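Residue numbers (the working numbering), protein chains in the order written: chain A, 1 to 83; chain B, 1 to 83; chain C, 1 to 165; chain D, 1 to 165.
Hints in this document: simulated from the structure, not taken from any laboratory.
A portion of the hints provided could be inaccurate.
[Stated by the list, open to error] Here are the computed lysine to any residue pairs in the SDA-like style, where the Cα-Cα straight-line distance is at most 20 Å: (1) D/K146 with A/H61; (2) C/K146 with B/G51; (3) C/K147 with B/T52; (4) D/K147 with A/A66; (5) C/K146 with B/D21; (6) C/K146 with B/G49; (7) A/K63 with D/T157; (8) C/K147 with D/G111; (9) B/K63 with C/K147; (10) C/K147 with B/I3; (11) A/K63 with D/A67; (12) C/K147 with B/G49; (13) A/K63 with D/G111.
These numbers were taken from a predicted model, which means no experiment stands behind them.
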Amino acid sequence: MRILYFAWVRERVGRADEDIDPPRSVTTVLELMDWLAGRGEEYAHAFAGRGTIRAAIDHAHVKADAKIAGAREIAFFPPMTGG
Amino acid sequence: MRILYFAWVRERVGRADEDIDPPRSVTTVLELMDWLAGRGEEYAHAFAGRGTIRAAIDHAHVKADAKIAGAREIAFFPPMTGG
Amino acid sequence: MPSVAMTTTTIRLQVEDFDAAGEAAAITRGRTDIGAVVTFAGICRDHEGGACVRAMTLEHYAGMAEAEIASHVEEAVRRWPLVGVTVIHRHGRLVPGDNIVLVVTAAVHRGDAFAAAEFLMDYLKTRAPFWKREETPAGSSWVSAKKTDDVAAARWTRGGRDAAE
Amino acid sequence: MPSVAMTTTTIRLQVEDFDAAGEAAAITRGRTDIGAVVTFAGICRDHEGGACVRAMTLEHYAGMAEAEIASHVEEAVRRWPLVGVTVIHRHGRLVPGDNIVLVVTAAVHRGDAFAAAEFLMDYLKTRAPFWKREETPAGSSWVSAKKTDDVAAARWTRGGRDAAE
Numbered sequence: 001m002r003i004l005y006f007a008w009v010r011e012r013v014g015r016a017d018e019d020i021d022p023p024r025s026v027t028t029v030l031e032l033m034d035w036l037a038g039r040g041e042e043y044a045h046a047f048a049g050r051g052t053i054r055a056a057i058d059h060a061h062v063k064a065d066a067k068i069a070g071a072r073e074i075a076f077f078p079p080m081t082g083g
Numbered sequence: 001m002r003i004l005y006f007a008w009v010r011e012r013v014g015r016a017d018e019d020i021d022p023p024r025s026v027t028t029v030l031e032l033m034d035w036l037a038g039r040g041e042e043y044a045h046a047f048a049g050r051g052t053i054r055a056a057i058d059h060a061h062v063k064a065d066a067k068i069a070g071a072r073e074i075a076f077f078p079p080m081t082g083g
Numbered sequence: 001m002p003s004v005a006m007t008t009t010t011i012r013l014q015v016e017d018f019d020a021a022g023e024a025a026a027i028t029r030g031r032t033d034i035g036a037v038v039t040f041a042g043i044c045r046d047h048e049g050g051a052c053v054r055a056m057t058l059e060h061y062a063g064m065a066e067a068e069i070a071s072h073v074e075e076a077v078r079r080w081p082l083v084g085v086t087v088i089h090r091h092g093r094l095v096p097g098d099n100i101v102l103v104v105t106a107a108v109h110r111g112d113a114f115a116a117a118e119f120l121m122d123y124l125k126t127r128a129p130f131w132k133r134e135e136t137p138a139g140s141s142w143v144s145a146k147k148t149d150d151v152a153a154a155r156w157t158r159g160g161r162d163a164a165e
Numbered sequence: 001m002p003s004v005a006m007t008t009t010t011i012r013l014q015v016e017d018f019d020a021a022g023e024a025a026a027i028t029r030g031r032t033d034i035g036a037v038v039t040f041a042g043i044c045r046d047h048e049g050g051a052c053v054r055a056m057t058l059e060h061y062a063g064m065a066e067a068e069i070a071s072h073v074e075e076a077v078r079r080w081p082l083v084g085v086t087v088i089h090r091h092g093r094l095v096p097g098d099n100i101v102l103v104v105t106a107a108v109h110r111g112d113a114f115a116a117a118e119f120l121m122d123y124l125k126t127r128a129p130f131w132k133r134e135e136t137p138a139g140s141s142w143v144s145a146k147k148t149d150d151v152a153a154a155r156w157t158r159g160g161r162d163a164a165e
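Chain A extracted, bound-state conformation (with noise of 0.2 Å):
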């Protein structure tokens, strides 16, 4: 499963993207930001807030409730701030 990170969770995780094997318990986008955020003071920090940290499975906004069986591309971020 590719893990791509923008914005202020790119730096503080310290890498763009990366691919992952979360454990089967794993299975909606909330629990697999848990799950990142025990991996490592970055990743801790990069998801202490992740309450306003979005998602997005196969360049799809989803919500944290979403499962992420199936997913190919899941994308981590800040809300946007284009246009």
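Please arrange chains B, C and D on chain A, whose structure you already have, making use of the hints.
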């Protein structure tokens, strides 16, 4: 007192402008339209639907009950269709 | 020191065509405090209510037209914090594809630029002394005022969007 | 025979600058059925909430950004009868005065062109995956999302203007 006509009011009256000297009993825009309508067939035709004709005194939109005393220039025209 | 609020306004009535891009560029040139520029161009169409239009002639009330547009530009500047406003309205004979009217509004924030441009267009349609005569295969006739334009203009007078913004 | 409804849509994400006038002209060129063209240009400002901005860098999510913009352009075309829509969003480093985003909407009637342009801008601000990092004399930091942008986007979801039109 200078009178201007625009669009179909102008075409029906047969002229774009003229100087008039209405009697003192004519005090409002509506009374002026009534008086003009009595000046001949072309005026009667132009002012037949005077409910739809708009007026301006010295470049400012006015209603039919506006007083004409002191006016230098009074214009009659259909609803505007610019833009 | 806060910068002084200055609004650059340009109003022109002309027979000649206008350059929408050039007018927008003239407002923004050399400035770095503008965040949003809205440009509206009204264009002569070849169809109106199902009828084919070959050409139109715009008659206007010289003197009053300038005054009426200026007063609405002033009102737009009072209602929204604008950096620049340009209104150009053509008169004379136009054929389909020709430009008719241009409104450019520039502001720090996009909401103000959009609102002011729509306000100005709604008022130009219903209050500026211009009249269109259309030439169709069936002859030529004066265009009737549209009720939808009156409704659009009325939304700026109270309640409606303005109060919600 | 009624003409077939066709909407020309253009979407581009690019580092290079865009030519707002050229994009608007590309939509109207050779057509005489367009009555209204609204052009919105978003420009990099030198001040943001009182702080001086020297430059900004726009990061984006390639792939998703195109998909997200395309889906909102499609929604705009469904909601309003548009003849043409163009959306161009730049990314990379920009300085005050630089163009950021362009939306052009062309329609038979002005109300549709204005509404679609505002709708697209409100959605680009809140849903398109772009993030701005600003450089100020105090350092550089990520721009926070504005609540006013969320409010602006929410008005298109139900009731509000859409129902009133």
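Quick rundown of the hints versus the structure:
1. For the hint pairing D/K146 with A/H61, the CA-to-CA distance comes to about 19 Å; that is within 20 Å, so the pair holds.
2. Distance check on the hinted pair: C/K146 and B/G51 sit about 16 Å apart at the alpha-carbon level, within 20 Å; holds.
3. Between C/K147 and B/T52 the CA atoms are separated by roughly 13 Å; this keeps the pair inside 20 Å, and the hint holds.
4. For the proposed pair D/K147 and A/A66, the alpha carbon gap of about 24 Å is over 20 Å, so the pair is violated.
5. Distance hint between C/K146 and B/D21 is unfulfilled; the C-alpha atoms sit about 35 Å from each other, more than 20 Å.
6. Distance restraint check for C/K146 and B/G49: the Cα-Cα separation of roughly 18 Å lies within the 20 Å cut-off, and the hinted pair is therefore satisfied.
7. Between A/K63 and D/T157 the CA atoms are separated by roughly 18 Å; this keeps the pair inside 20 Å, and the hint holds.
8. At roughly 14 Å between alpha-carbon atoms, C/K147 and D/G111 fall within 20 Å of each other, so this suggested pair holds.
9. For the hint pairing B/K63 with C/K147, the CA-to-CA distance comes to about 19 Å; that is within 20 Å, so the pair holds.
10. About 28 Å separates the Cα atoms of C/K147 and B/I3, which puts this hinted pair outside 20 Å; it is violated.
11. In summary, the hint linking A/K63 to D/A67 is supported, as the alpha carbons are separated by about 18 Å, within the 20 Å threshold.
12. Of the pairs offered as hints, the one joining C/K147 and B/G49 holds, with about 18 Å between alpha carbons and a cut-off of 20 Å not exceeded.
13. The suggested pairing of A/K63 with D/G111 is violated, with an alpha-carbon distance near 34 Å, which exceeds 20 Å.
Consistency note: the structure conflicts with the earlier hints numbered 4, 5, 10, 13.
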